[in-house]
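Asks: The numbering of the sequence shown is full-length UniProt numbering, which starts it at 1 and goes up by one.
Where hints are given, some of them may not hold.
[What the hints assert, rightly or not] Pairs of lysine-lysine, BS3-like flavour, derived with a Cα cap of 27 Å: (1) K192 x K213; (2) K174 x K213; (3) K145 x K192; (4) K101 x K213; (5) K145 x K225; (6) K225 x K91.
Hints were generated in silico from the structure; no laboratory data involved.
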Amino acid sequence: MIADAVLRVVDAVFIDKESDVCEVSISFAFVGFVDLEEMAAPPARARADYDYLIKLLLIGDSGVGKSCLLLRFSDGSFTTSFITTIGIDFKIRTIELDDKKIKLQIWDTAGQERFRTITTAYYRGAMGILLVYDVTDESSFNNIKNWIRNIEQHASDNVNKILVGNKADMDESKRAVPTSRGQALADEYGIKFFETSAKTNLNVEEVFFSIAKDIKQRLTDTDSKEPTTIKINQPDPAAGAQPAQKSACCGS
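Sequences are here, hints too, so could you generate the full structure?
Replies: Written out as structure tokens, the structure is:
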């Protein structure tokens, strides 16, 4: 078993809701071990408690709100205590789509460059990737193309992607990336685009349900296209009778 130690650095932060200025004190906490092989394993189906297991990955620069989006979706909560992920963290939520139970295993990655070796190890097992930027931080938006290059290098070819512009609740005077630019970038790569707010819960459910639905459809289509197997080592009884008739005919 290949295991990776998961650490989280907890920043005890008070965020001024108007100015976003914060004071930070840092402490480290050991979260546990995760199995890299499990992350990269194919999705399990038809278990007792779910029909599909879908593994999602959140990527993007540090501070764009990936952990807050995950917390809002998985626990329905939002906190002004800012949590910076070191390495990998994950949460699980089971949803229903088209009368099927979908178990979402959502992995939250560190955005810092120094943890890139750890986080890219998880790309291969991801079935869907959410590329997150902060609408008030243009550099986080510009770096999306770098994150896409990482996906192209490390993830599977058929991985589903979705672009997410977070912190859409912020005052327009603080917005650095217009909605039109986010949509244009998504159109360039042929992927869906949502603007979200973990604080107000704007489009949080919608973005996770959207990518989960697309992945489920891809899995369903793949299942329906599986080729029929041909058994070449077991002769067909009917076929075996035909040569006998031909032999009798040739002998007469």
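Asks: Could you check the structure against the hints above and give me the numbers of any it violates, in ascending order?
Replies: 2, 5 and 6
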